[in-house]
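The whole structure should be built from the sequences, with the hints applied where relevant.
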Amino acid sequence: MSDVAAPVAALVEELSKLPGVGVKTAQRLTFFILRSPTDQARRLAEAIIRVKESIVYCSRCYNITETDPCSICSNPGRDQDSICVVEEPLDVLALEKTGVYKGLYHVLHGALSPLNGIGRKDIRIDELLKRLVDGSVHEVILATNPGFEGDYTAGVIKDDIKNKITVPHMKVTTLARGLPLGSDLEYADEGTLSRALEGRREM
Amino acid sequence: MREQRSYPTDAIILKHTDLGEADRVLTLLTPYKGKIRALAKGSRRPGSKKAGHLELLCYSQLQLAVGRTFDVVTQAQAKENFFHLRNDLWYMTCGFYLAELVDRFVEDRMQQMDVYTLLLDTLRTLDADAAELKKRRAEGAEPSPQDRDRTRLLMRYFEIYLLTYIGYEPVLRNCAHCGTELKPEENGFTPTLGGAVCPQCSQLWSQALSLNALKVMRLLQRTEWSHVPHLRLDLRLQAEIEAAMHSLIRYHLERDLKSWGFLEMLTVHTS
Ligand SMILES: [Zn+2]
Ligand SMILES: [Zn+2]
Numbered sequence: 001m002s003d004v005a006a007p008v009a010a011l012v013e014e015l016s017k018l019p020g021v022g023v024k025t026a027q028r029l030t031f032f033i034l035r036s037p038t039d040q041a042r043r044l045a046e047a048i049i050r051v052k053e054s055i056v057y058c059s060r061c062y063n064i065t066e067t068d069p070c071s072i073c074s075n076p077g078r079d080q081d082s083i084c085v086v087e088e089p090l091d092v093l094a095l096e097k098t099g100v101y102k103g104l105y106h107v108l109h110g111a112l113s114p115l116n117g118i119g120r121k122d123i124r125i126d127e128l129l130k131r132l133v134d135g136s137v138h139e140v141i142l143a144t145n146p147g148f149e150g151d152y153t154a155g156v157i158k159d160d161i162k163n164k165i166t167v168p169h170m171k172v173t174t175l176a177r178g179l180p181l182g183s184d185l186e187y188a189d190e191g192t193l194s195r196a197l198e199g200r201r202e203m
Numbered sequence: 001m002r003e004q005r006s007y008p009t010d011a012i013i014l015k016h017t018d019l020g021e022a023d024r025v026l027t028l029l030t031p032y033k034g035k036i037r038a039l040a041k042g043s044r045r046p047g048s049k050k051a052g053h054l055e056l057l058c059y060s061q062l063q064l065a066v067g068r069t070f071d072v073v074t075q076a077q078a079k080e081n082f083f084h085l086r087n088d089l090w091y092m093t094c095g096f097y098l099a100e101l102v103d104r105f106v107e108d109r110m111q112q113m114d115v116y117t118l119l120l121d122t123l124r125t126l127d128a129d130a131a132e133l134k135k136r137r138a139e140g141a142e143p144s145p146q147d148r149d150r151t152r153l154l155m156r157y158f159e160i161y162l163l164t165y166i167g168y169e170p171v172l173r174n175c176a177h178c179g180t181e182l183k184p185e186e187n188g189f190t191p192t193l194g195g196a197v198c199p200q201c202s203q204l205w206s207q208a209l210s211l212n213a214l215k216v217m218r219l220l221q222r223t224e225w226s227h228v229p230h231l232r233l234d235l236r237l238q239a240e241i242e243a244a245m246h247s248l249i250r251y252h253l254e255r256d257l258k259s260w261g262f263l264e265m266l267t268v269h270t271s
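Residue numbers (full-length UniProt numbering), protein chains in the order written: chain H, 1 to 203; chain S, 1 to 271.
Honestly, I wouldn't trust all of these hints.
Computed Cβ-Cβ distance ranges for the label pairs, DEER-style [stated by the list, open to error]: (1) Pro-168/H to Pro-46/S: 32 to 42 Å; (2) Gly-167/S to Glu-13/H: 48 to 58 Å; (3) Pro-145/S to His-138/H: 53 to 63 Å; (4) Val-100/H to Met-110/S: 21 to 31 Å; (5) Ser-74/H to Tyr-7/S: 51 to 61 Å.
Stretches of chain S that chain H covers, calculated by requiring three or more beta carbons in the stretch to come under 8 Å of a beta carbon on chain H [what the hints assert, rightly or not]: (6) 49 to 57; (7) 91 to 102.
No wet-lab data here; the hints were simulated from the structure. Computed from a prediction, not measured in an experiment: that's the story for all the values here. We put the beta carbon where it would ideally sit given N, CA and C, even for glycine.
Structure, rendered in structure tokens:
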């Protein structure tokens with residue numbers, strides 16, 4: 001692209017590093033930005049910078065946040081006695097969208113994976129246990145991703161709570177593993193089906 | 001038009017690594033092509049029809065299309081998913097360990113039917129044992145440290161046979177240095193020599209090997225698993241055999257296995 005102005009080439013290159021964006025898309029985005037009002041371009045640039053500079057991890061739940069503690073942890077209207085454990089910040093977003101859950105969260109930032117060398121020091125399990133010691137939390141909901149590593153991580157946390165936390169009436173639950181939305185029963189594998197059956201609820 | 005080449009194969013999923021936004025690279029152990037890597041497109045998307053059939057340690061029937069870098073999974077149907085193993089932390093960790101061992105020792109694209117059969121049989125045994133334990137618990141049996149003894153022995157059995165199939169059969173009949181037949185007494189063990197070493201060569205011992213440890217290892221070496229008796233081994237003897245086998249594995253791989261830490265973590269909890 002030697003006949004293209006250097007700033008344009010630079011933007012195309014940066015955009016094409018984003019996940020799911022190929023060179024073609026990066027070019028389209030670049031020319032869209034080029035044609036859009038300066039204001040709009042500036043807002044985009046500032047939003048990107050703000051994400052990097054002002055987002056920190058919440059020191060309680062380790063979700064990404066602008067303020068520490070985050071808006072969920074500091075909201076007195078949330079049930080303070082239940083923690084929902086998820087792998088990634090995006091999972092919090094997904095659960096919040098349902099509007100069903102009113103408690104707190106804990107973001108692990110990954111799942112245990114012996115085969116990929118991710119051990120318990122690499123994710124925030126010990127930080128979770130620390131939050132449970134004082135006895136104010138009575139339910140831990142393990143909402144790790146379905147799949148071997150997610151199940152494994154949930155198992156290790158459950159085991160840890162059983163062995164290390166001596167809070168009376170501590171309940172550890174997992175999300176009922178149903179069929180993924182949009183999947184047909186006939187295509188579901190046996191494991192998913194068994195879980196869906198095990199996790200069934202009365203209606 | 002060039003025809004897209006495609007072939008069916010059975011496979012055990014040993015490992016997966018995320019690629020891009022929704023894809024996964026799988027490491028598979030197959031009966032005829034040995035260990036291969038394959039691309040599972042879109043398997044991390046919610047609602048993916050293939051994902052459940054491509055979980056770790058699933059035994060599945062696949063259709064693969066020959067690709068440039070990786071062959072691509074076009075169809076997947078789980079044949080056995082070892083459901084009981086998947087629902088117990090201890091058995092899961094053992095499953096991870098088997099997969100890691102096989103992944104480390106087996107080379108890419110080398111047919112290794114005996115390892116394939118060994119892995120499949122061992123996963124089936126683990127799954128059956130997990131089911132059996134769950135049943136006993138449901139009938140009111142208290143959890144006991146002995147629950148895991150049989151599995152520990154099974155791991156040693158697996159290690160001995162895997163090493164043998166790969167060409168590193170542990171030397172347990174004759175001294176690994178001078179070749180003298182080992183006597184029923186305390187011998188030594190030296191990973192760099194590949195096994196047990198007699199008292200005359202004691203200057204070469206890395207560690208001592210008790211007579212009972214040698215007996216158990218020999219028993220495992222010459223007995224099919226279904227015929228291995230239910231042994232009651234005390235913890236010290238179990239640890240001794242494990243240490244000897246792990247030292248041998250560490251020597252051959254020049255590294256520790258990641259699953260060891262996970263297995264230890266569980267052992268510490270329950271003791
Ligand atoms: Zn927070
Ligand atoms: Zn000797």
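*Confirm or reject the claim that Ser-74/H and Tyr-7/S have a C-beta distance inside 51 to 61 Å.*
Holds - the Cβ-Cβ distance for Ser-74/H and Tyr-7/S, about 57 Å, lies within 51 to 61 Å.
*Lying within 32 to 42 Å: is that true of the beta-carbon distance Pro-168/H to Pro-46/S?*
The hint (32 to 42 Å, Cβ to Cβ) holds, given that Pro-168/H and Pro-46/S are roughly 37 Å apart.
_Holds or violated: the 48 to 58 Å window for the beta-carbon distance between Gly-167/S and Glu-13/H?_
holds, 49 Å
*Per the coverage rule (Cβ-Cβ under 8 Å, at least three residues), is the segment 49 to 57 of chain S covered by chain H?*
holds (count 7)
*Honestly, do Pro-145/S and His-138/H meet the 53 to 63 Å range at C-beta?*
Taking Cβ atoms as reference, Pro-145/S and His-138/H lie about 30 Å apart, which means the hint is violated.
*Assertion that chain H covers the segment 91 to 102 of chain S - criterion: three or more residues, beta-carbon distance below 8 Å*: Since three or more residues must qualify, the claim that chain H covers the segment 91 to 102 of chain S holds, with 6 doing so at under 8 Å.
*May I ask you to test the hint 21 to 31 Å on the CB atoms belonging to Val-100/H and Met-110/S?*
Check failed, 51 Å falls outside 21 to 31 Å.
Of the numbered hints listed earlier, those contradicted by the structure are 3, 4.
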